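Undergrad: Counting in our numbering, the sequence shown runs from -9 upward without gaps.
It should be emphasised that the hints constitute simulated quantities derived from the structure, not laboratory data.
Computed from a prediction, not measured in an experiment: that's the story for all the values here.
Worth double-checking, as some hints may not be accurate.
As the list claims (entries may be wrong) - Dumping the calculated DSS-like pairs for lysine-lysine here, alpha-carbon to alpha-carbon at most 30 Å:
hint, residue 1, residue 2
1, 17, 47
2, 48, 13
3, 206, 156
4, 48, 61
5, 206, 13
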Amino acid sequence: MAGHSKWATTKHKKAAIDAKRGKLFAKLIKNIEVAARNGGADVAGNPTLYDAIQKAKKSSVPNDNIERAVKRGAGLDGGGVDYQTIMYEGYAPGGVALLIECLTDNRNRAASEVRVAVTRNNGSMADPGSVSYNFNRKGVVAVPVEGTSEDAILEATLDAGAEEVKDQGDILEVISEATDLVAVRTALQEADIDYDSAEARFVPNLEVQLDAETAKKVFTLIDALEDLDDVQNVFTNADVTDEVMAQLEAEEE
């Protein structure tokens, strides 16, 4: 889930033993294929491909899989699939806004599966434009807290276009305009500050704070969407406090 980092961070910790790892790998590979198709196989000249590969490596996708995905995407081996990017809009319980980003080779299948997942989990679909106005497309670089500080990150990235640094628990998110993403990521590299991912995301203007009961319903819906092969990202304006997250994690134990 993109858009609620504390929950994403919690899920990230479980990734190494998560049975969904194969599904995660498939989505990361798809990102690489699309980036290579749109911008070519030259990593040096295709920053979107560079970032897709770095994210895959951080998630332990094997290098052979990455190389094959680049070749497929760039049409160097005659294979590959022509994916379409489609954005669906909806609402989760509690009035939480949803942007559901799909990469699919079958628009009808994607639309049907997304609708079923949303409606079966107490959500509703929305008309195009009725939810997206709540979000701005931003560059987001995720930096592990360990070994650095907000001040060090700001000092390294302010001139490159960083707007703010958000503390999301184990991760510090460096927010910029989407067009400044590469400059911010490059500034971090030049300052020898390690980062987990660099990508353009939809960031909400205003967040909706949730209690534990509503948060549980929202997470259930998001999990159902993220289980779908065609869904690449789910962006929301949900905000869950550390206290509510701790409550939910205690209930899981």
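Undergrad: So, for every hint listed, does it hold in this structure?
TA: Comparing the hints with the structure gives:
| no. | hint | in the structure |
| --- | --- | --- |
| 1 | 17 / 47 | holds, 13 Å |
| 2 | 48 / 13 | holds, 15 Å |
| 3 | 206 / 156 | holds, 24 Å |
| 4 | 48 / 61 | holds, 20 Å |
| 5 | 206 / 13 | holds, 22 Å |
Every hint from the earlier list agrees with this structure, and none is contradicted.
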